[in-house]
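Visitor: Using the sequences provided together with the hints, build the complete structure.
Heads up: the protein sequence lines correspond to chains A and B, in order. Each residue of the first sequence is one higher than the one before, counting from 1 in UniProt numbering. Each residue of the second sequence is one higher than the one before, counting from 1 in UniProt numbering.
Check the hints yourself; a few may be wrong.
Said to hold, decoys possible - Chain A side only, calculated, beta carbon under 10 Å to chain B, not exhaustive:
| id | residue |
| --- | --- |
| 1 | 20 |
| 2 | 23 |
| 3 | 46 |
| 4 | 50 |
| 5 | 57 |
| 6 | 71 |
| 7 | 72 |
| 8 | 134 |
| 9 | 141 |
| 10 | 209 |
| 11 | 215 |
Hint data in this document are derived by calculation from the structure and do not stem from the laboratory. Computed from a prediction, not measured in an experiment: that's the story for all the values here. Each residue gets a CB set at the ideal place from its N, CA and C atoms; glycine is no exception.
Number of protein chains: 2
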Amino acid sequence: MTDGVFASPATVEDPDALAATEQAQGDLAVSLREMVDACVRTRVDDDTLTAVAQEVRTLTQRLLVRAQSEPLGLETTSGGRLRDHGNPMAGMRNPIAPPLAVTGDTEGTMSATFCLGAGYEGPPGCVHGGMIAAVLDQVVGSAPARVGRPGLTAYLNTTYRRPTLLGIEHVARAWVEEVDGWKVRARGDIRDPQGRVTAEADALFVVPRWAREHLGTPTGDAGGVDPGDTAAHDVATS
Amino acid sequence: MTDGVFASPATVEDPDALAATEQAQGDLAVSLREMVDACVRTRVDDDTLTAVAQEVRTLTQRLLVRAQSEPLGLETTSGGRLRDHGNPMAGMRNPIAPPLAVTGDTEGTMSATFCLGAGYEGPPGCVHGGMIAAVLDQVVGSAPARVGRPGLTAYLNTTYRRPTLLGIEHVARAWVEEVDGWKVRARGDIRDPQGRVTAEADALFVVPRWAREHLGTPTGDAGGVDPGDTAAHDVATS
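Guide: Here it is, written out as structure tokens:
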């Protein structure tokens, strides 16, 4: 699956109001991303840490005054697409997400530029191996959508060639290798600014049964990935 | 590599004061973990979202009054161990981390119980495939330490057997399959409460050259993993 692949069957009553809400939701996530990074790096005294934690809890209560108990799932956005804004790699409402903004070129190659900071550290100075796999799962998992087969990961084989450094811009790319009915094999890699591959992945994605009916009746644009058509998405990646 | 494998060569001047700091740092991370979850689920109005975001930015500035620019790396804890408290899967100072508390049994099997919420969602209601790979990288990556060979991930092959559901306690386990000099092959899986495997991994870890000298001269406990001996670790997982 990938973010924004499907046009939503739901009607958006007031797209302008929804766009404003997306802007506010995305901005809150941006502010929390910055705080997560500061939480890892801060060296303030214990009293300040304790006071800030108390204020964070008060703010959390303000957010929970009205909140859904279940996770976010897929939402219809102001742009009329189904998006998973809670996604921990690409979701504009998720402070855990870098977030990755995956775009496609005319050849069908998907790509995302990213730069991970202190919150993603595994070996000193380097991106955590699991986070590297997560970046690849998200980016490589977006490739099958280009051939109309957005699926769930069946396997993800990640090979680490050299350290992926924190604080440096890398590019993750992905492309389809083979389509076999509802199964799509795709590959991808991460390259450093010198163009060296730091990690690569070979993965298989399978369209779940419950989604096949929808895909079996093409909706016109279900096979395309829009390169970020909503205001909210722009907020999250600006 | 894994958290707390090595006794630190540094001396802790005042372990009690350091333990208090760890407690405050860990508690701040706990409070932010809760806020990340609320950020994804909240349905409050735009004005509240904007006001909370502004307050978050003010709190972040309080943390940045004194902060290191570089990521956390390895730190000597009050328990005299080297720990990566910034680790995005296991780090007690990292709000992104569930956090995973990996412990080992007498047979050498490593395990961690975890339950992931709204912030880790991929397919609706399910844990993101990349986050599953990240859990496995962390837990399977802890197994080589049991044979004195804590290494970096060379490859991580993850196979997804069935959805790993959000909000449900799962157990990740790992064990060493084969040791070949500085290379260790390890495997692991994630099981749901019914004992069904939801995902499994086959991985290779290699001890980097710079760490071999240290491991080549055993420090007595470098090959063991303590099951969470610091007060700070207890805070993070309570």
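Visitor: For every hint, state whether the structure bears it out.
Guide: Against the structure, the hints come out as follows:
| no. | hint | in the structure |
| --- | --- | --- |
| 1 | 20 | holds, 6 Å |
| 2 | 23 | holds, 8 Å |
| 3 | 46 | holds, 4 Å |
| 4 | 50 | holds, 5 Å |
| 5 | 57 | holds, 5 Å |
| 6 | 71 | holds, 4 Å |
| 7 | 72 | holds, 6 Å |
| 8 | 134 | holds, 3 Å |
| 9 | 141 | holds, 7 Å |
| 10 | 209 | violated, 13 Å |
| 11 | 215 | violated, 15 Å |
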